[in-house]
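Residue numbers (our numbering), protein chains in the order written: chain A, 1 to 564; chain B, 1 to 180.
One should not assume that every hint holds.
Derived lysine-lysine pairs resembling DSS-like cross-links, with alpha carbons at most 30 Å apart [unchecked claim]:
1. A/Lys171 / B/Lys47
2. B/Lys19 / A/Lys337
3. A/Lys555 / B/Lys47
4. A/Lys15 / B/Lys9
5. A/Lys15 / B/Lys10
6. B/Lys19 / B/Lys110
Listed next, the stretches of chain A that the computed footprint assigns to chain B, with coverage defined by at least 3 CB atoms under 8 Å from CB atoms of chain B [claimed, not checked]:
7. 305 to 317
8. 530 to 543
These aren't lab readings, by the way, just hints derived from the structure by calculation. Even for Gly, the Cβ is constructed at its ideal location relative to N, Cα and C.
Listed below are the residues making up each chain.
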Amino acid sequence: MANNIFRTCPDTGLKFHGPAENLMKANAVAAVVFLLVGGMYGLFVGLTRWQAVHLLGAEDFYMVLTLHGINVLIFWMIFFEIAVLYFCSSALLGCRLATPRWAWLGFALMVIGAVMNNVIVLQGSSSVMMTSYVPLEAHPLFYLSLILFAVGALIGCFVFFGTLVIAKAEKTYEGSLPLVTFGAVTAAIIAVFTIVSGAIILLPTFLWSVGLVGEIDVLAYRLIWWAFGHSSQQINVAAHVSVWYAIVAIMFGAKPLSEKVSRTAFLMYILFLQLASVHHLLVDPGVSSNFKMFNTSYAMYLAVMASMVHGLTVPGSMEAAQRARGHTAGLFTWLRKAPWGNPTFSGMFISLVGFGFLGGITGVVMGAEQINILVHNTLYVPGHFHATVVLGSTLAFMAMSYWLVPLLFRRELIWKGLARWQPYLFGLGMSGVALFLMGAGTLGVPRRHWDIGFAGTGGVIHEFPAAAYTMLALNGMSVILAVVGGAAFCLIMVGTILFGKKLGDQPMAEPCIVAPVTEEEYNANGGSAYAIPGTLVLAMVFFVSFALYYFINWKYLAETWGIG
Amino acid sequence: MSSLSPPAKKIWWNEPIHKSELLWISLVFVWGLVMTFMMPYWHVVGKQNLGTETYKTTPKEFQASAQAFVDKYQVRTEGPKNFPVVAPPAGGDVYMIARLWDWWPILELKKGETYRFHLSSLDWQHGFSLQPANINIQVVPNYEHVFTLTPNASGEYSVICNEYCGIGHHLMIGKILVVD
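Let's have the full structure, built from the sequences with the hints guiding it.
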């Protein structure tokens with residue numbers, strides 16, 4: 001076959017399959033475009049919530065909020081993840097991509113769905129938010145566009161699975177799958193579950209919107225929609241944890257502390273994450289407490305445990321590799337000597353800390369059956385998921401892009417000075433967004449709400465404390481920082497692709513991958529590299545913060561009205 | 001070998017676990033048990049456990065029940081829309097309607113008394129957000145959710161909608177008055 005061309009990357013030694021490479025490029029570019037579009041909508045949201053600025057009118061605000069959510073939570077994420085899946089299968093295993101034509105069909109469906117969705121929402125009749133809760137009705141094409149996008153993504157997942165089968169059959173690798181690919185497999189399996197759930201609920205909703213189905217049960221919609229809506233965010237978690245492992249391997253030559261622990265933790269995502277979608281129904285009628293407790297605890301918090309294990313083993317494997325390479329002094333020399341000026345590393349590390357401390361802790365706390373009463377549908381919820389999805393997933397994907405885009409396009413990264421600062425700028429802005437939204441939510445500010453000053457209600461108002469207004473103003477300022485950081489990323493990527501210095505077949509001036517640490521190096525000091533005191537200290541700080549914050553919230557809960 | 005390449009041993013599930021990992025896994029597992037235990041524990045000792053009693057209803061049926069409740073216990077009207085203020089007997093049933101874009105009626109409750117709330121929507125989904133007590137409950141049409149609330153301080157409370165319900169979402173605000 002003429003198009004089955006392989007090239008060996010002069011920088012990494014990876015074997016890139018031509019058609020796979022083109023598909024990775026296309027998906028990565030589409031991802032960045034939708035990030036830029038969705039991020040701009042986010043700017044309008046933040047500047048409207050800032051009560052002193054209050055940029056948009058109500059109608060535009062609700063429309064833009066719908067667009068913001070769908071573009072960044074779904075389109076940017078999934079396009080990037082398809083690129084990650086192709087990278088983890090075809091590139092890491094040195095294998096040809098299964099059925100590139102089907103992959104292009106999937107890509108085309110995703111692009112059509114995403115563009116169509118933006119167009120239909122911009123026409124104004126589909127400002128239904130990402131959740132599109134029935135019986136609030138959108139234009140039929142709104143549901144159809146999401147279905148098209150989902151079918152495209154599903155094709156992408158099966159191309160990935162097909163590629164794994166080919167790699168196994170053609171023996172392009174020895175032994176078991178690499179950990180990073182293994183993580184990508186769990187992401188893809190969760191993606192299939194997610195997309196099937198989406199189909200089960202969006203197809204009848206589409207038929208309802210064109211009048212072919214009489215009624216959609218509201219509670220059934222909520223249950224099944226969240227099997228789609230929440231699980232889609234679990235794809236992100238599995239994907240960005242894989243990216244974390246990939247980056248510590250790239251930057252430090254690290255291998256997991258033990259394959260068994262890291263892989264089992266990934267498997268636990270598949271087994272338990274889906275249960276978590278029920279934590280969106282904790283204050284719904286018609287759902288029993290036993291059902292809520294079992295599911296929201298992911299059957300005894302086993303999926304949380306998986307994330308906390310990754311939270312230890314990712315920096316732990318980095319510490320072990322750094323210690324093996326001689327950074328053995330004290331508790332934190334291994335961390336201090338990390339390449340903090342390299343956006344691939346700094347982005348990954350900020351993602352790790354932000355996801356754990358800001359996103360992880362708050363998610364588990366507000367997912368407790370009773371504590372959820374305090375935060376359901378307040379701004380606390382968007383605050384939490386800006387820490388998980390944006391600070392966690394998006395920043396991890398940005399970090400990966402700094403490494404991958406120059407390799408794929410054979411162009412040198414442009415504006416390296418800006419790139420050096422970008423993860424810090426974006427990370428700081430987004431941490432602010434997460435914290436201040438959560439702060440406002442704690443004060444009772446509702447989410448998806450145009451005006452907490454209640455103009456137009458004939459004088460019936462609720463006086464929010466002044467601190468709530470301050471939180472929203474600080475959130476607006478943080479949004480500006482984050483959008484500047486996000487736009488800088490998009491510009492660097494587009495600029496690199498279009499104007500970066502061509503690399504041709506020559507390796508880059510600076511090596512972009514560190515040779516794997518060998519067993520001899522790990523064992524050089526009597527195997528002491530595997531003792532990871534620094535990471536354990538960080539983990540204990542995390543644990544104490546978690547436990548304190550958890551019990552403080554029970555105390556808050558005890559102070560409110562009796563609820564039975 | 002790194003995380004980007006196949007593991008050294010094909011049979012990776014027989015590899016030993018490092019001590020630091022084992023320590024952390026044990027701690028995290030116990031913590032998971034503690035958090036799991038906290039929820040049923042709170043059902044026994046805590047005073048904030050949202051009831052799950054739910055009935056199928058229709059907007060028409062629920063509106064009729066709420067109207068009967070208002071007719072029986074209305075004490076006056078208030079506000080720009082002249083909404084009825086209803087003072088039900090302590091410990092009694094209370095109805096509140098969520099609709100585009102009102103909470104109806106206004107309630108007057110006694111501090112320290114427990115009321116049985118009946119909550120449903122006549123149209124789209126809404127979010128019952130009682131401020132500043134910060135109690136948030138999803139309200140959906142066709143289901144009547146019954147639970148109890150016991151005010152612990154007197155004052156004027158607002159009911160804000162925190163589930164997006166169309167263009168007038170931010171106009172939807174109701175009142176619950178708590179008297180000593």
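Hint-by-hint comparison with the structure:
The hinted pair formed by A/Lys171 and B/Lys47 fails the criterion: a straight-line CA distance of about 61 Å is larger than 30 Å. Between B/Lys19 and A/Lys337 the CA atoms are separated by roughly 25 Å; this keeps the pair inside 30 Å, and the hint holds. Distance restraint check for A/Lys555 and B/Lys47: the Cα-Cα separation of roughly 12 Å lies within the 30 Å cut-off, and the hinted pair is therefore satisfied. Distance check on the hinted pair: A/Lys15 and B/Lys9 sit about 23 Å apart at the alpha-carbon level, within 30 Å; holds.
A hinted pair counts as satisfied when its Cα atoms are at most 30 Å apart, and A/Lys15 with B/Lys10 qualifies at roughly 22 Å. Our distance criterion of 30 Å between C-alpha atoms is broken by B/Lys19 and B/Lys110, whose separation comes to about 58 Å. Coverage of the segment 305 to 317 of chain A by chain B holds in this model, with 7 residues showing a Cβ closer than 8 Å to a Cβ of that chain against a need of three. With a cut-off of 8 Å between beta carbons, the segment 530 to 543 of chain A has 7 residues touching chain B; three or more are needed, and the interface restraint holds.
Hints 1 and 6 from the earlier list are contradicted by this structure; the remaining hints agree with it.
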